[in-house]
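**Student:** Protein chains in written order, with my numbering: chain C, 47 to 227; chain F, 2 to 573.
Hints may contain errors.
[Unchecked claim] Subject to a maximum C-alpha distance of 20 Å in a straight line, what follows is the list of computed DMTMM-like cross-link-like pairs (lysine to aspartate or glutamate): (1) F:K12 x F:E54; (2) F:K57 x F:E78; (3) C:K189 x F:D127; (4) C:K176 x C:E210; (5) F:K225 x F:D184; (6) F:K309 x F:E334; (7) F:K333 x F:E323; (8) F:K132 x C:D172; (9) F:K565 x F:D127; (10) F:K132 x C:E149; (11) F:K225 x F:E269; (12) F:K132 x C:D147.
Calculated from the structure, these hints are not laboratory results. These numbers were taken from a predicted model, which means no experiment stands behind them.
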Amino acid sequence: MAKPKIATDWLDVCSGCHMAILDIDERIVDLAKAVEFTSSPVTDLKHPPEDGVTVGILSGAVSNTHQEETAKEMRERCQILVALGDCAVFGGICAMRNFFDTEEVLRRAYVETESTAPNQEVPRSDEIGKLLNRVKAVNEVVKVDVHIPGCPPPADAIWFALTELLAGRIPVLTGEHLTYE
Amino acid sequence: MATVNITINGKKIAAEAGQTIFEAATEAGIDIPHLCHHPALPPEGACRMCLVEVEKQRVLQPACTFPVTEGMVVHTESPKVIEARRFVLQLLFSERNHFCMYCQMSGDCELQELAYRYNLDHWVYDRPYPKLPVDSSREYFVMDHNRCILCRRCVRACAQLVGNHTLGVKNRGASTMITADNDVPFGESTCVSCGTCLSVCPTGALMDRKSAYLGRDIEVEHIKSTCTHCSLGCGMELVTNDNHVLRVEADWDAQPNQGLLCVMGRFEPLWDSRKRATTPVVKRDNRWAGAEWDEALDLAANELGKCKGSVEGLVSGQATNESLALFAKVCKEGFKSDHVGLLTGVLPEPSGDFDLTELDLADFFIVVGEDLTVNHQVAGFFVKRRVTEHGARVGLIGNGENGLAPYALFEWGEDETDEAIKMAKKAEKPVVIYGVGAKVATLKQLHATLDGKAIFMGLSPAANARGAAAVGITGGPGGQTKGLYILACEEKEMPRGIKAKAKKADFVVVQASYLEPWADVADVILPCPVAFEKQGSITNDEGRTLSVTAAVESSVKSDEETLKALAQRLGL
């Protein structure tokens, strides 16, 4: 039987949740034996394969149009979508900007920041994703099957969720696995 | 009380008639989750977290308000109940900012705890992200409306426990907000900073400025002790971490205060900005110099010894029973003191034993020569809540401003005591509360007519006045002496007359926690611990002996050690 395939990607993120996957330590060896990693932010393959994967993992919130596309592509190409970490699950730290107007946020970041050289402008180009008016959790954009909250999620919660998925079950996180640290 | 037989989760329980399902379940050890309910507060039924399934009832019922009836069968964790609770939690989380990652209550929050309990791993509803204000206009604690779930515990605590009615709600529905008075900043409101709202808040909406982010509940210790800042002797819980008192919390089981505290006990001791006396200091050529303990003690014993026979001992009521006994001995036997008194004075007549909780049954209060909003605030809260919640009436006797005046129906002069007596005779349960400002003649008149009818409660100006009386210290400051020995503890103010007396004296020894205001008059200052560092007991106005527990280690000698060292030098 072919190994189940996993694809991961990150959206608006500090990358901590992807690092948290490494916190499962030596268990990653067993995981690598059991599954096939396809695309991820740190592999050459950036997009999930067109013929699809079993599990897609997204960390980070959806803040711009580019991330919206990434989230939709992952949803289309995976059977089970996992939102990993507080930003993906709730919006997290990124959602702090929801208390401000988007233009105000851009101005603060690119024009008014103390370290910015004078006469700078907000960069605008068709090449760059456009900020959404509001930062969203992944489940506000696409259907999510498994939520693993935490900033970052505990390694045991990630391991538990992955092993449950491998066993063909949808994981239900409880107790310690859910406790925010 | 009649017994009502009910069944909760298959367990047969004999409940008391009139109890709510919540109360009966709690007594039987069955935990029903709740947010708006608090055991010290009357039920509100606002949050719907405590919904339970009651057989033969059409819909789920809130356990906190639903009374038990014979044969009732209740399920507290059925699938239907759990589904409803998850729904309620989803709604609560959908309203405001409940991102735990930047909340100081994370780990101790009742809302967060329930989200864990019911496995809320994500939010299902859209979030409006309202931009709500943070009100930091109050000195000791902050209100962050973004964390508020509108449970109204604070509103009920302010009204029904403290009788202050500062807090309320404004607007309706999703725009509902907790507000103070007629919508003014909390710092400009009628708030008395007792902190009762802070102690009942289930989330991070009310935040203590001193202790925020300094330790979660699993990292701290809770140590029960007694407040020594007035003569009520309120029970409290000191929250400590790494030999520091982080904050003072309510001890809901404590008598007589039942969880209430005031600004003097809860906040002021931790916010005292005066310079601590950490080592003995002596005055030489009008300049202060640090000294070794032995040197300072020798000097104190020798110089005061020279004044033998004309030494006055003055002690703060914040001293424990144990140090009072030693102080009296050192003064009387060591320095042959002709007068040992309480620094802050005494009542015009000593009070007998009483039970402060009787205030909760009274329908008429005569308050004589005492401002309960300043000196004995928790007793003031008892009176105010009795007035505002139960229609009791207050009459004040005595001149001068009184913070209780807005609650009083009558303000009499001393010559109108007859009027007060007339009213008291008509009342069912009158209580006479008197303080240091009461006139002896007025009290005599009240006793002559109301003994047997009214309960008399004397509230002393010195905290441990009863303990002092037990070792023979029954008066206030006396006349001029050559030597002066003051055990000042944490007293902030030098009572009138003491300064002039000290300036005239040949030698003044002060044992104090802080240099101010004593550095001005003393010749030697011996450091002493603050209340949180003391071990011993005090006797409150009621006559109750209460333990004072050292919650943190002291860096200075205890009062007893210092007094014993002096006693030894005096050959006692």
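**Student:** So, for every hint listed, does it hold in this structure?
**Tutor:** Evaluated hints:
1. Annotation: proposed proximity of K12 of chain F to E54 of chain F holds, straight-line Cα distance about 15 Å (limit 20 Å).
2. Pair hint K57 of chain F plus E78 of chain F holds up; C-alpha atoms about 17 Å apart against a cutoff of 20 Å.
3. With a C-alpha separation of about 14 Å, the suggested pair K189 of chain C and D127 of chain F falls inside the 20 Å cut-off, and the hint holds.
4. As the CA atoms of K176 of chain C and E210 of chain C are separated by approximately 37 Å, the hinted pair breaks the 20 Å bound.
5. A distance of roughly 37 Å separates the Cα atoms of K225 of chain F and D184 of chain F; the hinted pair therefore is violated under the 20 Å criterion.
6. Annotation: proposed proximity of K309 of chain F to E334 of chain F holds, straight-line Cα distance about 10 Å (limit 20 Å).
7. For the suggested pair K333 of chain F and E323 of chain F, the alpha carbons sit about 16 Å apart, so the restraint of at most 20 Å is met.
8. Between the alpha carbons of K132 of chain F and D172 of chain C the distance comes to roughly 31 Å, so the proposed pair goes past 20 Å and is violated.
9. Distance check on the hinted pair: K565 of chain F and D127 of chain F sit about 69 Å apart at the alpha-carbon level, beyond 20 Å; violated.
10. About 16 Å separates the Cα atoms of K132 of chain F and E149 of chain C, which keeps this hinted pair within 20 Å; it holds.
11. For the given pair, K225 of chain F sits about 18 Å from E269 of chain F by alpha-carbon distance, which is consistent with the 20 Å threshold.
12. Using a Cα cut-off of 20 Å, the hinted pair K132 of chain F and D147 of chain C holds, with the two alpha carbons roughly 11 Å apart.
Consistency with the previously given hints fails for numbers 4, 5, 8, 9, ordered from lowest to highest.
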